[in-house]
Amino acid sequence: MPNNAKNHERIDTGEQQVGVMYARSLIGATEAAGQSEAILAEFDSFIEDVLDKLPQFDSLLSTALVSAEEKAALLDRALKSQASTLFLNFLKVTANHGRLNCLRAIRRAAHEVYDKLRGRIPVVVRSATPLDAASEKQLTERLRGMLRGEPQLVREVDPELIGGLVIRVGDTVYDGSVARHLEQLRLQMIDRSVHEIQSRRDRFSHSA
Amino acid sequence: MKFRADEIASVIQREIEQYQSEIDVREVGRVLEVGDGIARIYGLSNVMASEMVEFPNGTIGQAFNLEENSVGVIILGDYLQIAEGDEVKSTGRLLSVPVGDALIGRVVDPLGNPMDGKGPIVTSDRRPVEFMAPGIAGRQPVKEPMQTGIKAIDAMTPVGRGQRELVIGDRKTGKTAIGIDAIINQKNSGVKCFYVAIGQKESTVANVIEALRAAGAMDYTTVIVSGASSPAPLQYVAPYAGTAMAEYFMYNGGHCLIVYDDLSKQAVAYRQLSLLMRRPPGREAFPGDVFYCHSRLLERSAKLSDELGGGSLTSLPIIETLEGEVSAYIPTNVISITDGQIYLQPDLFFAGIRPAMNAGISVSRVGGNAQIKAMKKVAGGLRLDLASFRELEAFAQLGTDLDAATQSRLDRGYRMVELLKQGQYVPMDVFDQVLSIYAGTRGHLDKIPLDKCAEWESGFLTFIKEQRPDVRAKLVETKDISDDLAKQFEEAIAVYQKQFASKYDEVQGVPATAGKA
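Line by line, the protein sequences are chains A and B. Be aware that the first sequence starts at 3, since it is given in the numbering used here, and climbs by one per residue. Be aware that the second sequence starts at 4, since it is given in the numbering used here, and climbs by one per residue.
Fair warning: there could be bad hints in the mix.
Stated by the list, open to error - A partial selection of chain B residues facing chain A, derived with a Cβ cut-off under 8 Å:
(1) 18
(2) 30
(3) 47
(4) 51
(5) 329
(6) 348
(7) 352
If you are wondering where the hints come from, they were derived from the structure by calculation, not from laboratory data. Even for Gly, the Cβ is constructed at its ideal location relative to N, Cα and C.
Put together the whole structure using the sequences plus the hints.
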């Protein structure tokens with residue numbers, strides 16, 4: 003999942019909103035043509051193999067100094083031999099609306115829209131040590147029952163958790179790590195001591 | 004005393020055995036941008052308005068703006084350690100502060116953390132910072148006096164328990180002094196005091212705390228400090244936090260006094276937050292809900308009904324005006340919210356009339372019911388008399404010849420003004436106030452030279468205490484001036500007049516060393 007793997011990618015909420023609109027239309031078109039997987043793969047490759055590797059091309063597409071027609075013509079010349087017609091058309095439409103700067107947001111949203119359509123749910127699993135195959139399978143089974151969808155595991159290893167699992171689905175985090183249990187225990191002990199001190203002090207002042 | 008390690012170990016073991024493991028479920032978001040005390044968060048899709056959120060370094064924030072794609076959060080603490088991309092968790096709780104007896108005598112920040120180096124505040128009681136004001140059924144009319152110990156205020160614009168009396172004036176006109184004197188005067192009255200310092204220099208606050216300590220007032224006072232260097236969100240929540248601490252006592256049947264020093268700075272902090280959050284600016288660039296910001300705060304001051312314990316919370320909000328401009332946005336707002344105002348004027352202040360209260364435009368809308376009967380009798384027309392005296396005085400300055408009646412009115416006025424002057428940190432007992440004002444309004448000072456008035460007054464109060472304690476005792480007992488008692492007053496004053504006059508006949512030039520009242 004690109005959106006979770008690149009956890010610290012910059013998010014612009016305005017671009018995000020535009021991205022969702024374009025992504026929905028793109029997926030709508032690809033679904034109709036039955037080529038969603040292929041187009042998404044093409045999209046990934048375009049971002050990773052072209053834009054990421056040729057930052058000047060990226061800025062050429064993003065800049066407002068170049069007119070939409072010129073951009074469309076440029077895309078035509080550069081990609082005609084390799085890209086599918088549908089994807090090229092999508093790029094040209096985006097260029098015409100001056101939204102080529104939002105391509106990354108559109109890709110992120112497109113993956114989300116497609117996953118949702120297929121009932122796939124991205125789940126980030128953080129553990130102290132890498133999970134073995136058996137427990138991963140068990141976890142997937144449990145998540146499948148819980149989420150009513152196909153969990154897509156993204157594994158992260160964080161030794162600071164000490165043990166246990168932290169599972170993140172959307173904005174909700176289920177934290178069952180040992181580190182948090184210890185922290186909770188610490189807070190509970192402080193709480194109880196405060197109560198203890200208070201009740202002792204009250205006893206003190208009443209008798210006085 | 005010796006510690007036994009095994010005992011401690013067994014306690015910890017018991018704790019661990021009792022510990023129930025639960026999976027912690029929470030909402031998270033990610034910091035998009037941070038700065039100037041605010042952050043914008045992506046995610047947190049189910050966060051509620053005013054909910055507390057927690058940053059990775061333990062700093063607390065409050066959801067302030069819920070937008071379509073992001074959540075605006077005000078950061079209550081150090082925002083310099085928060086970075087873009089940090090995970091933010093929602094807590095499902097509203098902002099609350101510790102309350103209770105443990106806070107009395109302490110200096111705390113708006114989140115209830117101690118700032119006086121006297122160790123942790125041990126209390127498990129907490130109250131939400133934002134709390135609904137009691138409704139109509141939960142209140143009763145203000146009818147008990149809340150003596151400020153300042154003659155001019157107690158006589159002319161009396162404050163009752165549960166009242167909101169605004170103190171308004173330019174810088175350096177003695178606004179804070181009124182609040183401090185009122186706090187000092189609550190000694191032995193059982194009223195708990197709260198002083199909320201918002202956006203002030205830390206050195207000024209330190210001076211105030213020192214003054215309170217020197218007067219023995221810190222024994223029943225809590226100081227909530229959010230200085231000029233603390234971020235705007237803390238300055239914004241400080242008055243609500245102070246009120247929450249005071250409400251604890253009010254809802255437990257106690258009486259409290261809270262001084263907000265000052266609300267104009269709080270409004271400025273709120274304006275800063277709102278503009279950073281891109282809320283639309285209105286008049287003077289304040290957001291549209293700045294009125295609500297103050298009204299919901301001041302509505303929490305109340306005199307509770309007997310069913311709710313009859314507690315009260317009196318507030319003295321302070322507003323600083325610029326060049327005497329009371330018709331600016333914030334002053335008019337707060338004037339319309341409060342139950343009266345004490346207006347302090349710079350020219351009076353520099354003329355040596357302190358407290359520099361302008362009797363003409365200072366009012367108290369409910370406090371009259373709260374005056375003791377004796378004070379009502381002696382000070383009934385005082386405010387209007389003084390106001391008309393000011394007009395007459397301005398007229399007399401034209402240098403025209405005055406008839407005897409006007410001249411005598413002027414003389415009376417000068418002497419009343421002299422009598423109402425009062426030093427800082429020397430609040431006066433209400434019965435002493437009644438005695439002085441009685442003497443003044445009945446014209447017993449008319450023959451005394453102006454510069455001897457203060458001396459006459461303090462001598463008179465000492466005289467009553469030492470030579471006619473019966474008169475004072477009766478006044479304290481009945482809290483009223485019957486005709487009989489008035490006659491005794493007249494007798495006592497006649498005797499004292501002779502003593503005072505003789506002192507000056509015998510030892511010319513040597514001032515009497517009469518003790519302070």
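Task: Hints that the structure is at odds with (numbers, increasing) - done: 4, 5, 6, 7
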